[in-house]
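J.: Below are the chains, spelled out letter by letter.
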Amino acid sequence: MEKGIGSGGAFAWFFQRISGAFLLIALLAHFWVLHYASNGEVTFQIVAQRLATPLWKTIDLGFLVFAIIHGFNGFIMVIHDYIHSHNLRLALVSLVWVVGILIGIMGMITIIGFKVPVGGVI
Amino acid sequence: MMVHNHEVVIIGAGLAGTRAALEAAKVADVAVLSKIFPSRSHSGAAQGGMAAALGNLDDDNWEYHMFDTVKGSDYLGDQDAAEILAKEAPEVIYEMEHMGAPFSRTPEGKIAQRKFGGHTLNFGEKPALRACYSADYTGHILLHTLFEQCIKQGVRFYSEYQVVHLIVKDDICRGVVAWDIRNGGLQVFRAKAVMFASGGYGRAYRITTNAHANTGDGLDLALRAGLPLEDMEFVQFHPTGIYRNGILMTEGARGEGAYLLNKDGERFMKRYAPTLMELAPRDLTARAIQTEINEGRGCQTPEQKAQGIPGDFVDLDLSHVSEAKLRAVLPQIFDLARNFAGVNVAKEPTPIQPTAHYSMGGLPVNVDGQFIRDAKNTPVRGLYAAGECACVSVHGANRLGCNSTQDATLNGRRTGRTIARDVPHLSWEDVPAEDVKAAEKDLDWYYQANGSENVADLRTRLQDTMMVNCGIYRNEKDLKTQLGIIKELQGRGKKIGVKDKSKCFNSEVMEAMELGHLLNFSEVIVIGAIERQESRGAHARTDFPTRDDAKWLKHTLAYQEPDGRIRLDYKPVTITRFQPKERKY
Amino acid sequence: MNLTFKIYRFNPESGQPPHYQDFTVDVKKGETVLDVLGEIKAHQDGTLVYRRSCRSGICGSCAMQINGLNKLACETQALELQTATVVVDPLPGFKPIRDLAVDLEPFYEKLRSILPYLINPDPPETDKERYQSPEDFAKIEISISCILCASCTSSCPSFWADKSYAGPAALVKAFRYSYDTRDAGLRERLDMLDNKHGLWRCHTIMNCNDACPKKIFPTEGISFLKRKVVENKY
Amino acid sequence: MHYKWKTGMWAFVFHRASGLALSLYLLLHINVVSSLYNPAKFDNTMGFLGSPLFRILEIGLLAAVLYHSLNGIRIFLIDFTNSTRKHSQIFWLLAVVGLIIFVAGAYPMLHHAGIL
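Residue numbers (my numbering), protein chains in the order written: chain A, 65 to 186; chain B, -8 to 576; chain C, 682 to 915; chain D, 99 to 214.
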């Protein structure tokens, strides 16, 4: 059998399912906090309150990383399904990786770099 | 014209062809030609089992198997061949198992075995558990296992190649001319050894278990090349074909306990075979069913009942067997009965009628698979055959159930080994130009056929009349009528029209060629049947109802003279251990 | 009952593009689509091309697309389709050769690539079978009934998109041997199948399960193999 | 090609479509949230996104998330619990569950948006 780009696909397949399960739980929490525990309004104050605690920082960080990899892994699977030119596939997969990493860094900076502004959260 | 050189050319990719290819390919360059894809071969339709005296579930031994085979053959089988079959069968089964064939198992993990018609313990005492099986698709798993082994060994297949001409000159076979169905071109396959494994001729009949492809092409190719056919008048009717289309309901159903019932709900087999009942051999059972129908005890469809027409089928009843067991051991017949008879076998009986099934006759070969050209057993150099197209003759006048898968595999293996042994001593021979020209001329004839006769209509007419006049029961008057009909059809066959002129996948030309074959060898069946004035095995003459060993304990050999006339000759039967005696079950 | 059969026609020699041709046939109860095709070929148009052999659902020759689904023509009762017009197409995803016959060479190529035979370096005893319990036989029983009709592979959207994808039929065969207790080739086969054109192109779309005339449920076997690869690796 | 679409095919295509949509949403979402370094800007953006139009789009987001999650559960069951033969029943069962959650979720969202 002809081999595709990279070897295997077992990890991608397995990770997609495991991360999916994790995301489902994280998402439930996310939604709950966002729309029901908070009366539906998203203001700096509410978000900042949450992000200030180390526990939420960790949860959000995990959420971010898994969501990005899960989503972009999905993208790559679609590319493997439909794109068969070796070069084009390489280019597209690389593009997805680059965008994924950039957006991931952006998100991490936001979460990790977040400090409670001077004056504290009221 | 494209010329291929392969040391060995095998025609047909069923059990015999693929098994032989595996042996021959160990030492020689082998090509297998098949008019359909290898995995489509009709061996795959065998359902019930493959006979071998393994004794996994009872005290079986090969002598019982040999005796049953000889008795089943109505003593027309050659006993040297039957002895080889019975002795080597266990080895062949183990070999298939080692290749990976998935057999059903006994609780301790051995190959499971079931009862089959005519197979007994201790020379006829009681039914033997002798048929090794895999649910009810035994042929299918054997065929696929061998096909996969051929893939492993890198056997070269030419799929969708129809052989149109056998090249034999000076008693040496030099190869074949084949028609590439996909592209329409003729190609020469030059070979040191040619082997036929091209299957049977059930398609000469209207109600048949056989595939559309089983038109006996290989037999007719040999006949046209001036070579003989043996015992063609012996055509086996399987007792249980689905009513009206003849699709096989395995004998394994009766092996698992099915009853045969007439319209009064009576298990009528008690009047024909009190000891073995439904497990009597096929010829006897088929005649019993036909007799019930002929004497007005056949079951009726609602329409027949309403109109007061006598019924023309009987019931195969499995409703007393538990559904769980049926699902486990006979899964396929659920689908067959549902799709082709609209019946749930676990709850209601399936309407069945006898159906043309197996060709005992065929290309005469010796026990090593070498083609023999006369009553003195003179081999033709470089020509071999095995499987249903061949007549060794193991099955004589009537084959026992599940002996055919064994015959095809075992004699395929033997023939493959003979070829492997012979090939180093065979030389490349020239292909005469006139053979190639003849093949071209034949093919052109089909492409230019612009007459008014319809191929399908001629075929249907042949099949219908063969059924009526040369079926289970025969008599001189009907047979002579049939001979007249065949002559008439052969005449009309020269005036057929073929509309399709394409090179690419021209199945209309293909069907016209097949019709030519059917008409040609059907004449041999009928002439052999007219001459044989006795009843033996599958050949039941109402005007000569008894077996006549003094005059007819011999094989028929049929030749086609250059003027087209059929000439018959006879050959003695090999008798070693068992002297002919009356056949009772 | 008169039914219209709308049949896909294509002959590369005619220079015409593929098109549909309508045939009207008087269909009786009990007649299959294959019977109808035979009737059309016999009495309406001898040039109609389709493959057929056993006509009892065991050889796999007559797989084709009937009213949008892959089926064996010989097992399909024409009246049970319950449509006045029956649309008959060749198997999708393969190159048409002529009319309803398609080029199946790529299909067999996939089969050959997955080592479809028993792999066991230990020579067995010559005069007896390898033992296998009825339960172990039952595990592979459904997969051994595959007739290689190509209905499943041809119904698979992943195969339509990626012609190098092994496809359900080949994967079922890989399952059949890998789960045979007599076989020792699991690792070898899994290495082969853990591949961008192997197991991971299966997205459990389930068309193959509906198409299989033997009700094998290829996805089940494929899921087994996927889990086995993951187990072996992580 | 006009192959008949059955449950598995619809499930697959919607899963792909919702997955791709969610990936794109994720890009946007991270972009928006990254304005957290500036409280005023963040509240400004949030205010803009809190308009009824975006509230309604958000209901679409809810649908996509729900579908992708529930069908994800179905895929998980198929892959890890041999549920191939029941895939279609699972689909319809989850569809009912999904619909209930959707209504339960969409109502307060619309309510907050002042639409209901």
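These are computed hints drawn from the structure, not numbers from a lab. Every residue, glycine too, gets a C-beta built ideally from N, C-alpha and C. Careful, some of the hints might be misleading.
Claimed, not checked - Subject to a maximum C-alpha distance of 20 Å in a straight line, what follows is the list of computed SDA-like cross-link-like pairs (lysine to any residue): (1) K101(B) with T807(C); (2) K486(B) with H724(C); (3) K492(B) with P693(C); (4) K776(C) with G175(B); (5) K492(B) with Q725(C); (6) K710(C) with P98(B); (7) K494(B) with R690(C); (8) K896(C) with R329(B); (9) K143(B) with M873(C); (10) K494(B) with K896(C); (11) K102(D) with W841(C); (12) K820(C) with P98(B); (13) K102(D) with P693(C).
As the list claims (entries may be wrong) - Beta-carbon label-pair distances, calculated as ranges: (14) T292(B) with D784(C): 37 to 45 Å; (15) R183(D) with D50(B): 57 to 65 Å; (16) E522(B) with H724(C): 32 to 40 Å; (17) Q758(C) with R183(D): 53 to 61 Å; (18) L48(B) with T764(C): 13 to 21 Å.
J.: Now, for every hint given, state plainly whether the structure supports it.
T.: Do the hints match the structure? See the list:
1. The straight-line distance between the Cα atoms of K101(B) and T807(C) is roughly 14 Å, inside the 20 Å bound, and the hint therefore holds.
2. Of the pairs offered as hints, the one joining K486(B) and H724(C) holds, with about 17 Å between alpha carbons and a cut-off of 20 Å not exceeded.
3. Between the alpha carbons of K492(B) and P693(C) the distance comes to roughly 13 Å, so the proposed pair stays at or under 20 Å and holds.
4. Taking the CA atoms of K776(C) and G175(B), the gap is about 18 Å. The hint holds against a cut of 20 Å.
5. Restraint check for K492(B) and Q725(C): satisfied, since their Cα atoms lie roughly 16 Å apart, inside the 20 Å limit.
6. Straight-line distance between C-alpha atoms of K710(C) and P98(B) comes to about 44 Å, which puts the hinted pair past the 20 Å bound.
7. With a C-alpha separation of about 16 Å, the suggested pairing of K494(B) with R690(C) holds against the 20 Å cut-off.
8. With a C-alpha separation of about 15 Å, the suggested pairing of K896(C) with R329(B) holds against the 20 Å cut-off.
9. Taking the CA atoms of K143(B) and M873(C), the gap is near 16 Å; set against the 20 Å cutoff, the hint holds.
10. For the proposed pair K494(B) and K896(C), the alpha carbon gap of about 37 Å is over 20 Å, so the pair is violated.
11. For the hint pairing K102(D) with W841(C), the CA-to-CA distance comes to about 14 Å; that is within 20 Å, so the pair holds.
12. Restraint check for K820(C) and P98(B): the C-alpha separation of about 15 Å stays at or below 20 Å, so the hint holds.
13. Taking the CA atoms of K102(D) and P693(C), the gap is near 27 Å; set against the 20 Å cutoff, the hint is violated.
14. In this structure the hint that T292(B) and D784(C) lie 37 to 45 Å apart at CB holds, the actual value being about 44 Å.
15. Range check, R183(D) to D50(B): Cβ separation about 43 Å, and the 57 to 65 Å hint is violated.
16. Judged by the Cβ atoms, the range 32 to 40 Å given for E522(B) and H724(C) holds: they are separated by roughly 37 Å.
17. At about 24 Å, the CB distance of Q758(C) to R183(D) disagrees with the hint of 53 to 61 Å.
18. A hinted range of 13 to 21 Å is violated for the C-beta pair L48(B) and T764(C), which are about 50 Å apart.
Checked against the numbered hints above, the structure violates hints 6, 10, 13, 15, 17 and 18; every other hint is satisfied.
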